[in-house]
Amino acid sequence: MRKLTYCDALREAMVQEMERDKSVFVYGIGVPDHKAIFGTTAGIQERFGAQRCFDTPLAEDTMSGFGLGAALNGLRPINIHIRVDFLLLAMNQIANMISCCRYSSRGMLKAPMVIRAVIGRGWGQGFQHSKSMHSVFAHIPGLKVVLPTTPRDAKGLLTAAIRDDNPVLMIEHRWLYWQEGEVPQAPFVEPLGKSNVIRNGKDITIVALSWMNVEALKAAEILQRRGISVEIVDPRTISPLDDEPIVRSVKKTGRCIIADYDWIHSGFSAEIATKIYEKCLGKLKQPIERIGFAPTPCPTVRHLENEFYPNAINIIRMVEKMLHLSPTDLSGEEFYSHEKRFKGPF
Amino acid sequence: MRKDLSIELYRKMYLIRSCEENIRKVYCEDEMKTPMHMSMGAEAINAGVCQALNKDDQVFGTYRSHALYLAKTGNIYNFFAEMYGKNTALLKGKGGSMHLCDPQKGFMGTSAIVASSISVAVGAAFANKVKGNGKVVAVFFGDGATDEGTFWESINVAALMKIPVIFICEDNGLAVHTSAKQRKGYKDITKVIGKFNCSVFKDDTTKVEQIYDLAAKAIKSARSTNVPCFIQLKYYRYLEHVGINEDFDSGYRSRNEFADWYKKDPIILQRARLKTIGVSEKAIQEAEKEIDRKIVVVMKKVKYEPFAQVQELYEEVLE
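If you read the sequences in order, they're chains A and B.
Under my numbering, think of the first position of the first sequence as 1, with each following residue one higher.
Under my numbering, think of the first position of the second sequence as 347, with each following residue one higher.
Excised from the complex, chain A in its bound form (with noise of 0.2 angstroms):
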């Protein structure tokens, strides 16, 4: 099958559903430029025209009811920001105003709204322009909150996103972008709040977020050499959760690392654990590790910065952990590293 990265799937999931609905409308700070969100806009305004697809005055929160005054009479916006953290200043519209409107209406009005939200990260993004807190969302009720992995994911999941009637937030990975995967090219939907299996174990399960898959899949390569077999969930989408795959997956392999791309202090990995412990209690051999970042805001100097995150080496030490291992001797493995891909500044 075709090849596509992250970003041209994103990309291609607007285009075609700006081809096949007129009603749907891209806009957002930055969006028509000539960076157009990393790529993920591009060519959309020459091929839409300028009502269709425009910038925006620096209003996040002005421009987020525009976008709900927008769809409740009909029309299907797409507001883009090139950082979650840009989005707090939203954040009065989206858990006032967004997601309450089916509600408040009872149903007489909805929002079909997708908000996409870019996670930055690395070459001193800072400890405001790298923020996930896809918790704080999924929290809300009336919100649906998905956060994409692979290119196919991204792709199907916004396509769904778009035609969905109910206000989606999207939350993307900027190391994503890069990743390349099969895609198909006629439009396709991926149903919003389906979890994944994307690899399977019998070992232990690792129910990993967004980037944090990226980081599993590679501990579970690793790890796979000495014979432990690691199962991976993608949740996908956080609200609504599909806990079904992950409590299958427990049960089966009786132990769990939650791998979230967040900090982890009454974060979305809490919500996963007590869903296992309400679901598996039995069946667990131990209990379950949470791997997030660290209990701080995001440094920008390198060597900090580093130890901020979670990587596949966190992921590694703790397997071994619980699986009562030697530490696997990691010289001469080749980790992921985005010097390699991504030179800064923007």
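These are calculated hints, taken from the structure and not from any lab test.
Don't be surprised by glycine CBs; every beta carbon is placed ideally from N, CA and C.
Some hints could be false.
As the list claims (entries may be wrong) - As a list, the in silico DSSO-like pairs of lysine-lysine whose alpha-carbon atoms are at most 30 angstroms apart: (1) Lys566(B) with Lys22(A); (2) Lys110(A) with Lys508(B); (3) Lys110(A) with Lys481(B); (4) Lys451(B) with Lys22(A); (5) Lys379(B) with Lys110(A); (6) Lys22(A) with Lys481(B).
Claimed, not checked - Here chain B is said to cover these stretches of chain A; the calculated rule only asks that three of the stretch's residues, wherever they fall, bring their Cβ under 8 angstroms from a Cβ of chain B: (7) 48–58; (8) 64–74; (9) 89–99; (10) 103–112; (11) 138–148.
To be verified - Residues from chain A that keep clear of chain B, each with C-beta distances beyond 12 angstroms, as calculated: (12) Met1; (13) Pro32; (14) Lys35; (15) Gln45; (16) Ala186; (17) Gln224; (18) Lys251; (19) Ala294; (20) Cys298; (21) His324; (22) Leu325; (23) Asp329.
Following the hints, position chain B against chain A.
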């Protein structure tokens, strides 16, 4: 016919006033369990502007939207059903006084977060413009909302994108209990907004027909040019910020101030005007009685209607 218009405007205002007077009568029964932000004093603005809108034009309001709701929809049944929180209300009581919503009648909703429906109105108007359906959107807010960043951002966006929104500032000079003097770093908002590509109108009248004429002019201009309009209209909030009582002894304003405004109470003025254009006292009284009777009948009926099933809590979160 201008005379019919004069009568209709009076009927609209009288309906609003009478609905709220009836709320004041029964609120102590504690059966309307919803915080009342009363419109009393503002009737001319809501009646005048809504009269100038087409039926399928759309409005957005605030937590203080009794007058706007009744002026736009005339739906007293739903109004009281929602106040009592009954199953027969459109929102089955899940909205209450602060969150009325009746989109089929063009009443798109309100927000109890100051200024939060303004940008939504701009987006709704954008969609109407894209669809070319000819509908305009009017968004009502108090002068407190003009302190908020999103108000200015919304003016900017509407001006920039040529979106025909009517911004209506119902200026009572107060944000809860804080006077404009304590909040504004400028003298005249209309002069500031006049610097945007936005038409500006203002009037401190309480004469409903004068407001109607002004609104009709503004709406016509927005509809034909796509240039948004800002209209500043003054009124006096007769009652406390939230609740059904007067609060002239609380220190932040005086009864004398109210007395001066009450001399130009919009309903008293329009009633007097009807007489000058040949409507008899008897005809006016009949019209008033008919409205009062309707309200009492609706309230009695609604009061004894059932509440929604508890399952209703979970309805319409997501599709």
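*asked:* Could you work out which of the previously given hints the structure breaks and list their numbers from low to high?
replied: Result: no hint breaks.
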